[in-house]
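Following the hints, position chain H against chain G.
Protein chains: 2
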Amino acid sequence: MSQVGADFFASHRQLLEEAVAATKTRGYYSAFPESPSPRVYGESAAADGANAFEAWLGTDFPLSTPGAAGVVATEKSPFGKPVGVRYPRVTTDGVPALVEAAAAGMRTWRDAGIEARVGVGLEILKRLHARVFEIANSVQHTSGQAFVMAFQAGGAHALDRALESVAYAYAEMTRVPATAIWQKPGRDAPIRMEKTFTVVPRGVALVVGCNTFPTWNSWPGLFASLVTGNPVIVKPHPGAVLPLAITVQVCQEVLAEAGFDTNLVTLAAEDPVDEVAAVLAVRPEVKLIDFTGSNAFGEWLEDNARQAIVYTEKAGVNAVVIDSTDSFKGMCFNLAFSLSLYTGQMCTAPQNLYLPAGGIETDDGHKSVEDVIAGLEAAFGKLVGDDARAVELLGGVVNDGVLERLTQVGSAGTVVIASREVTHPAFPEAVVRTPAVAVLDIADSSTYENECFGPVAYLIKAGSTAESVETFRRTAIERGAMTASVYSTREDVIASMRSAALDAGVALSENLTGQVFVNQSAAFSDFHGTGANPASNATFTDGAYVASRFRFIQSRRHI
Amino acid sequence: MSQVGADFFASHRQLLEEAVAATKTRGYYSAFPESPSPRVYGESAAADGANAFEAWLGTDFPLSTPGAAGVVATEKSPFGKPVGVRYPRVTTDGVPALVEAAAAGMRTWRDAGIEARVGVGLEILKRLHARVFEIANSVQHTSGQAFVMAFQAGGAHALDRALESVAYAYAEMTRVPATAIWQKPGRDAPIRMEKTFTVVPRGVALVVGCNTFPTWNSWPGLFASLVTGNPVIVKPHPGAVLPLAITVQVCQEVLAEAGFDTNLVTLAAEDPVDEVAAVLAVRPEVKLIDFTGSNAFGEWLEDNARQAIVYTEKAGVNAVVIDSTDSFKGMCFNLAFSLSLYTGQMCTAPQNLYLPAGGIETDDGHKSVEDVIAGLEAAFGKLVGDDARAVELLGGVVNDGVLERLTQVGSAGTVVIASREVTHPAFPEAVVRTPAVAVLDIADSSTYENECFGPVAYLIKAGSTAESVETFRRTAIERGAMTASVYSTREDVIASMRSAALDAGVALSENLTGQVFVNQSAAFSDFHGTGANPASNATFTDGAYVASRFRFIQSRRHI
Chain G
1 MSQVGADFFA SHRQLLEEAV AATKTRGYYS AFPESPSPRV YGESAAADGA
51 NAFEAWLGTD FPLSTPGAAG VVATEKSPFG KPVGVRYPRV TTDGVPALVE
101 AAAAGMRTWR DAGIEARVGV GLEILKRLHA RVFEIANSVQ HTSGQAFVMA
151 FQAGGAHALD RALESVAYAY AEMTRVPATA IWQKPGRDAP IRMEKTFTVV
201 PRGVALVVGC NTFPTWNSWP GLFASLVTGN PVIVKPHPGA VLPLAITVQV
251 CQEVLAEAGF DTNLVTLAAE DPVDEVAAVL AVRPEVKLID FTGSNAFGEW
301 LEDNARQAIV YTEKAGVNAV VIDSTDSFKG MCFNLAFSLS LYTGQMCTAP
351 QNLYLPAGGI ETDDGHKSVE DVIAGLEAAF GKLVGDDARA VELLGGVVND
401 GVLERLTQVG SAGTVVIASR EVTHPAFPEA VVRTPAVAVL DIADSSTYEN
451 ECFGPVAYLI KAGSTAESVE TFRRTAIERG AMTASVYSTR EDVIASMRSA
501 ALDAGVALSE NLTGQVFVNQ SAAFSDFHGT GANPASNATF TDGAYVASRF
551 RFIQSRRHI
Chain H
1001 MSQVGADFFA SHRQLLEEAV AATKTRGYYS AFPESPSPRV YGESAAADGA
1051 NAFEAWLGTD FPLSTPGAAG VVATEKSPFG KPVGVRYPRV TTDGVPALVE
1101 AAAAGMRTWR DAGIEARVGV GLEILKRLHA RVFEIANSVQ HTSGQAFVMA
1151 FQAGGAHALD RALESVAYAY AEMTRVPATA IWQKPGRDAP IRMEKTFTVV
1201 PRGVALVVGC NTFPTWNSWP GLFASLVTGN PVIVKPHPGA VLPLAITVQV
1251 CQEVLAEAGF DTNLVTLAAE DPVDEVAAVL AVRPEVKLID FTGSNAFGEW
1301 LEDNARQAIV YTEKAGVNAV VIDSTDSFKG MCFNLAFSLS LYTGQMCTAP
1351 QNLYLPAGGI ETDDGHKSVE DVIAGLEAAF GKLVGDDARA VELLGGVVND
1401 GVLERLTQVG SAGTVVIASR EVTHPAFPEA VVRTPAVAVL DIADSSTYEN
1451 ECFGPVAYLI KAGSTAESVE TFRRTAIERG AMTASVYSTR EDVIASMRSA
1501 ALDAGVALSE NLTGQVFVNQ SAAFSDFHGT GANPASNATF TDGAYVASRF
1551 RFIQSRRHI
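Note that the protein sequences, when read in sequence, are chains G and H. Take the first sequence: its letter number 104 is residue 104 in the working numbering, and every next letter is one higher. Whatever position you read off the second sequence (first residue = 1), add 1000 for the working numbering.
Just chain G, same shape as in the assembly:
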């Protein structure tokens, strides 16, 4: 049906096979180098990408969206850089035309078959990779991530996650052969039939992006839905449109080359007053929704978009249970890093640090709660004490809500490590803050059981480690959690924390004292979210994430 699609598939076949193999072993695998070094990407890549990004600023982004009327410019860089890119504006009035246009190419896309669709998906990834510096800049100046993080989390790692999603979708679609011969022994002669199995899409897919991780969190759903045959409407967060506008541009470019309707992937930029996502989400044609963002809208989608399968990643209360450690300095460094990274604006950042009120045993002797605070403070000093170094770890504050929560931390508990304003050497307008740590008692559950998104951590004094574990278990079951972490030199404590993590359905990291952080999940190896507690109803990426995005339809005949 599409020779170009078949050619794309052939040229990326080896990559696909490696990726599928990696999903099965879940060891280390990466197809997109995470280092932005010139030795990897070439001398001019960084400057070329920055220039390409700069060229968009203040212009009309060259995309046309069916049903759109006029333009909208909604982005504001946390680094204070004027963005001002204008996108076609979709309002609720334009939704019917947009959905109709999205669905128009669906049958041809379906009939093109698995390999053509997967080939197109992989070619899109290749071309996004070719623009990875441009994307990194666009992620940096919309999300507030520091450049290297934007390059990695917003570029290379996001591409790996997208590839993982394509690999799972391909494996799922090819789990059943395109044609099977069924031969049943009969009294005289066997009964023989030929059976054909065709992958059919569910309908129009909607991807609702978030402000903090516009690519990393949107691409898995986008690619999983697209390669399984569904047209995708991308509704970016108004604060982070450009990374997804570039994404849609690349999708349309490749779709056009392969002879498909470009409206199979569209951008639905909006003025936030229009609340277009809520209107799109309940359209009868929309059968798949991927959402990352607030609990409020995530739960609204789960409750109201009944005609669709809804994959949500919302928020939870992430916990660290500190019992003991054989590397006190390593633990303090690791925790301080996790709290500082991107100013704690990660759904995976720890919030509740439970420890026994009587202190903990360490390789450096017994440490009281005050000693632990001092240890964390020393680690913060090294990591974010110097402004020029600090900004590369912290990035910028994404919105006023984060700032507000930071100023209110004092009313919640005793602030033992205060937040500090940091001056960005390159962007004087940037809003940069270090984390705050407050001490709470285990009785202060009304505070620590709620998510405080941003650079706020609670050091919670429990009667014992057993109480810490139990409080983690209960809070995660009730409020959800994306991550959990434990520090202990005792096997029985690790075992009880593992059991609690299974009960609560939370991914657990044990004794991280080095260069792996609880906030980070590695594509092809770690799952992100579990679908087993209120923080998310799906996982990046497993069979359940892809299997319901299409159906097998069979036909059979005697031969």
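Treat the hints with care, since some could be wrong.
[Said to hold, decoys possible] Heads up, incomplete: computed chain G residues facing chain H, CB under 10 Å, no partners named:
#	residue
1	Arg127
2	Gln183
3	Thr196
4	Ala412
5	Arg557
[What the hints assert, rightly or not] Just a sample of chain H residues kept apart from chain G, beta carbon distances all over 12 Å, derived:
#	residue
6	Gln1003
7	Ser1044
8	Ala1047
9	Leu1057
10	Asp1060
11	Gly1080
12	Val1095
13	Pro1272
14	Ala1378
15	Leu1383
16	Asp1441
17	Ala1544
[Said to hold, decoys possible] Taking CB as the label site, the calculated pair distances span:
#	chain 1	residue 1	chain 2	residue 2	range
18	G	Thr92	H	Ala1104	48 to 58 Å
19	H	Ser1446	G	Val282	41 to 51 Å
20	H	Ala1104	G	Asp188	46 to 56 Å
21	H	Arg1187	G	Glu54	25 to 35 Å
Since the hints were made in silico from the structure, they are not lab data. Positions of the beta carbon are idealized from the N, C-alpha and C atoms, including for glycine.
Then chain H, alone, in the frame of chain G:
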């Protein structure tokens, strides 16, 4: 954790591997012989099974269900045989205790691991197979299926479907290794981590059985939920309890031997006035529901059991598009058989037979609509003209609703083949009827767009085959369909019907003129239901059917 479970797994490992391989090729595979012949099952098997069945009649079935109070006896054989088995009666008052007891053993069951759970599941299948004649008798005298059909659809084929479901669940759970080593290249030395992935259940599962296929339709969901770690409450249709009571008895026997809580599988028999299913279905602990039955309750579950994933098989309007044939006699025989089999009381039985008003071309020359009616009538004459032969194909009428619809067929259209009362030579009280065929015009959509469950077929005169195809497409999209069938000697007609079937998400059978019937789906090869139209939201059995019944929870640590 469970040595017995491990032993069961080891002893059934080869069967499992064959079954998993069969799901991938989707060719012919069966592990449970479908012939009730003494040459296969032994000389005494049939009599022993019948005696075992007879021994239950009028007794208290020896199961104890937590929360139950008193007993209930609700079954009525369509063959007129007194059943009168009494089961523990669950009322809405008993639901909390039942759910609590079901959940009590869940953690131990989870911690036993994949192999122990799958081992237990396979051992249950083996022991159900050892009681297949007893089960066949119990299916016959509750559903009204004739004995051979009850043996096959209710016994051997149901076991194959259950095995298929276990095979898919096992493949899905082992798609991720239990332990993985992650080694990321580092500047000085690699970073190494060990990661553990554990399958955790979703919660309590509820299986709601139907009257017509108590085992075939319930076992796939029961086994998929159970082996993935979820306790299962089995709520049988009040008219068909015994087959599922025997099932639960065998489940509990094997669970006990392997050291697990027997309440991991429980029977919730009820008096229909109590409407226990609706109360169970919205309990917060219930996370998975498998339902086969009416559109009304299926849609109610989808709308109200929001805390659970709901797998429904409801009803649709199945269609046959008759364009032309190279075997007029074969076609008429095949259609008459499909309409007669179990008195059309199958969700897969055809209802709407579209043909051009001007007639069709056949190997026996042009045939007018009247000629087609005559052809069908001749086929019915051979199949169900003789009472003694007829009862073995027709079985009994399952309930008064079916009889009522049969009497009303004359008001819907012109009856061209009338239903006939058949006397059962062995069961004089049996209610047995042959199918009725009425002729309608394509304009009579208000009649043929609704499901008329039972032995009623409409021969619908269309302007052309193109109109037939288009009407099938529209009706299936709007009303759903479990099956579709086409007869044509023209490739373009077949192609257009295939395209319509893909659009409507319906499984298609082409030119069935021999011993394969559109109502039948073969385990491991044919999918049953598609999940792609209103008649069902799931398929027996594919990845999507099992993947969301559990979650992977990981933990990781440096090594």
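**Asked** Which numbered hints are broken by the structure, listed smallest first?
**Response** Structure breaks hints 1, 4, 17, 19.
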